[in-house]
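Model the full assembly from the supplied sequences, consistent with the hints where possible.
Counting along the sequence shown from 1, when you hit position 21 you're at 21 in UniProt numbering, and nothing is skipped either side.
FYI, nobody ran anything at the bench for these hints, they're computed from the structure. We put the CB at the ideal spot given by N, CA and C, even for glycine. Treat the hints loosely; a few may be bogus.
Stated by the list, open to error - Restraint-style ranges between C-beta atoms, simulated for each label pair:
no.	residue 1	residue 2	range
1	32	90	31 to 39 Å
2	91	36	14 to 22 Å
3	89	43	22 to 30 Å
4	110	60	18 to 26 Å
What the hints assert, rightly or not - Below, in silico cross-link-like pairs of lysine to aspartate or glutamate (DMTMM-like), each with a Cα-Cα straight-line distance of 20 Å or less:
no.	residue 1	residue 2
5	123	107
6	75	59
7	48	124
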Amino acid sequence: MGYYYNMNLLIILPIILTSSLLLIPIAYSLDFSSCSKTTYQAGSNYSKNLKQLIKDLCDKAPINNNRSQTGSCAKFSNRETAYGRALCSSGDTEQNCRTCLTGATSELVKICPTGLQAIIGRKDSNANCQFKYSDKAI
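As C-alpha coordinates, then:
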(Lines of atoms letter the chains of each structure in order from A; the text may use other names.)
(Lines give C-alpha, C1' and ligand atoms only; values in the text may rest on other atoms or scores of the structure.)
Protein backbone atom coordinates (compact mmCIF):
# COMPACT_ATOMS: atom_id res chain seq x y z
CA MET A 1 0.00 0.00 0.00
CA GLY A 2 2.89 2.41 0.70
CA TYR A 3 4.25 1.83 -2.81
CA TYR A 4 0.86 2.66 -4.37
CA TYR A 5 0.62 5.88 -2.29
CA ASN A 6 4.12 7.03 -3.37
CA MET A 7 3.32 6.42 -7.07
CA ASN A 8 0.14 8.52 -6.85
CA LEU A 9 2.08 11.28 -5.13
CA LEU A 10 4.70 11.25 -7.90
CA ILE A 11 1.96 11.67 -10.49
CA ILE A 12 -0.15 14.28 -8.68
CA LEU A 13 2.64 16.48 -7.25
CA PRO A 14 3.94 17.76 -10.64
CA ILE A 15 0.38 18.56 -11.71
CA ILE A 16 -0.23 20.59 -8.55
CA LEU A 17 3.08 22.45 -8.85
CA THR A 18 2.55 23.26 -12.53
CA SER A 19 -1.00 24.50 -12.06
CA SER A 20 0.04 26.72 -9.15
CA LEU A 21 2.48 28.55 -11.45
CA LEU A 22 -0.48 29.73 -13.51
CA LEU A 23 -1.68 31.78 -10.53
CA ILE A 24 1.47 33.93 -10.39
CA PRO A 25 0.75 37.35 -11.96
CA ILE A 26 3.07 38.50 -14.72
CA ALA A 27 3.81 42.23 -14.70
CA TYR A 28 5.31 42.36 -18.18
CA SER A 29 3.82 40.18 -20.89
CA LEU A 30 2.39 39.88 -24.39
CA ASP A 31 5.50 41.17 -26.11
CA PHE A 32 5.93 40.40 -29.75
CA SER A 33 8.37 41.49 -32.38
CA SER A 34 9.18 40.80 -35.98
CA CYS A 35 12.17 41.86 -38.00
CA SER A 36 12.72 41.69 -41.76
CA LYS A 37 15.64 39.74 -43.12
CA THR A 38 16.38 42.57 -45.54
CA THR A 39 18.85 44.95 -43.91
CA TYR A 40 20.24 48.44 -44.26
CA GLN A 41 23.81 49.61 -43.74
CA ALA A 42 24.66 50.97 -40.31
CA GLY A 43 25.50 54.67 -40.64
CA SER A 44 23.52 55.04 -43.89
CA ASN A 45 21.05 57.86 -44.52
CA TYR A 46 18.21 55.39 -43.85
CA SER A 47 19.79 54.62 -40.47
CA LYS A 48 19.95 58.33 -39.62
CA ASN A 49 16.38 58.91 -40.82
CA LEU A 50 15.17 55.94 -38.76
CA LYS A 51 16.81 57.24 -35.58
CA GLN A 52 15.16 60.63 -36.10
CA LEU A 53 11.80 59.00 -36.87
CA ILE A 54 11.91 56.92 -33.67
CA LYS A 55 12.65 60.00 -31.59
CA ASP A 56 9.93 62.08 -33.28
CA LEU A 57 7.21 59.43 -33.04
CA CYS A 58 7.97 58.52 -29.43
CA ASP A 59 7.70 62.20 -28.49
CA LYS A 60 4.54 62.91 -30.52
CA ALA A 61 2.51 59.67 -30.34
CA PRO A 62 0.50 60.42 -27.19
CA ILE A 63 -0.60 63.89 -28.29
CA ASN A 64 -3.71 63.06 -30.31
CA ASN A 65 -6.88 61.55 -28.85
CA ASN A 66 -6.59 58.10 -30.37
CA ARG A 67 -3.04 57.69 -29.06
CA SER A 68 -1.46 56.98 -32.44
CA GLN A 69 0.92 58.83 -34.67
CA THR A 70 2.08 58.01 -38.18
CA GLY A 71 5.01 59.78 -39.74
CA SER A 72 8.02 59.70 -41.97
CA CYS A 73 11.51 61.12 -41.92
CA ALA A 74 13.59 62.08 -44.94
CA LYS A 75 15.82 64.61 -43.23
CA PHE A 76 19.03 63.05 -44.51
CA SER A 77 17.86 61.70 -47.88
CA ASN A 78 14.54 61.62 -49.75
CA ARG A 79 15.47 58.31 -51.38
CA GLU A 80 16.01 56.62 -48.04
CA THR A 81 12.89 57.72 -46.18
CA ALA A 82 11.94 55.90 -42.98
CA TYR A 83 8.21 55.51 -42.29
CA GLY A 84 6.69 54.56 -38.98
CA ARG A 85 3.69 54.27 -36.71
CA ALA A 86 3.57 54.51 -32.94
CA LEU A 87 0.45 53.80 -30.95
CA CYS A 88 -0.74 53.27 -27.42
CA SER A 89 -4.02 52.09 -25.91
CA SER A 90 -6.62 54.81 -25.48
CA GLY A 91 -6.65 54.47 -21.69
CA ASP A 92 -2.92 55.06 -21.27
CA THR A 93 -1.66 58.36 -19.89
CA GLU A 94 0.75 60.39 -22.01
CA GLN A 95 3.66 59.64 -19.69
CA ASN A 96 2.95 55.90 -19.60
CA CYS A 97 2.57 55.86 -23.38
CA ARG A 98 5.91 57.61 -23.89
CA THR A 99 7.62 55.31 -21.40
CA CYS A 100 6.18 52.24 -23.12
CA LEU A 101 7.22 53.44 -26.59
CA THR A 102 10.70 54.41 -25.45
CA GLY A 103 11.20 50.97 -23.89
CA ALA A 104 9.75 49.20 -26.91
CA THR A 105 11.94 51.05 -29.41
CA SER A 106 15.03 50.46 -27.26
CA GLU A 107 14.26 46.73 -27.31
CA LEU A 108 13.54 46.79 -31.04
CA VAL A 109 16.89 48.39 -31.85
CA LYS A 110 18.62 45.59 -29.90
CA ILE A 111 16.52 42.79 -31.42
CA CYS A 112 16.63 44.17 -34.94
CA PRO A 113 19.71 46.40 -35.26
CA THR A 114 19.70 46.72 -39.08
CA GLY A 115 16.33 45.34 -40.22
CA LEU A 116 14.74 47.40 -42.99
CA GLN A 117 11.29 46.75 -41.50
CA ALA A 118 10.31 45.83 -37.95
CA ILE A 119 7.46 45.85 -35.46
CA ILE A 120 7.22 45.42 -31.71
CA GLY A 121 4.28 45.25 -29.32
CA ARG A 122 4.60 45.65 -25.60
CA LYS A 123 2.24 45.33 -22.67
CA ASP A 124 3.17 46.05 -19.10
CA SER A 125 1.25 47.04 -15.98
CA ASN A 126 1.07 50.71 -17.03
CA ALA A 127 0.58 50.80 -20.81
CA ASN A 128 0.14 48.92 -24.06
CA CYS A 129 2.04 50.15 -27.09
CA GLN A 130 3.16 49.20 -30.56
CA PHE A 131 5.86 50.62 -32.81
CA LYS A 132 6.40 49.80 -36.47
CA TYR A 133 8.85 51.11 -39.04
CA SER A 134 9.50 50.43 -42.70
CA ASP A 135 11.20 51.71 -45.82
CA LYS A 136 7.73 51.73 -47.45
CA ALA A 137 4.84 54.08 -46.62
CA ILE A 138 2.65 52.78 -43.80
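Outcome of the hint check:
1. Roughly 20 Å separates the CB atoms of residue 32 and residue 90, a value that falls outside the hinted 31 to 39 Å.
2. Between residue 91 and residue 36 the CB atoms are about 31 Å apart, so this pair departs from the stated range of 14 to 22 Å.
3. Taking the beta carbon of each, residue 89 and residue 43 are about 35 Å apart, not inside 22 to 30 Å as hinted.
4. Residue 110 and residue 60 have their C-beta atoms about 23 Å apart, which keeps the hinted 18 to 26 Å range intact.
5. At roughly 13 Å between alpha-carbon atoms, residue 123 and residue 107 fall within 20 Å of each other, so this suggested pair holds.
6. Of the pairs offered as hints, the one joining residue 75 and residue 59 holds, with about 17 Å between alpha carbons and a cut-off of 20 Å not exceeded.
7. For the proposed pair residue 48 and residue 124, the alpha carbon gap of about 29 Å is over 20 Å, so the pair is violated.
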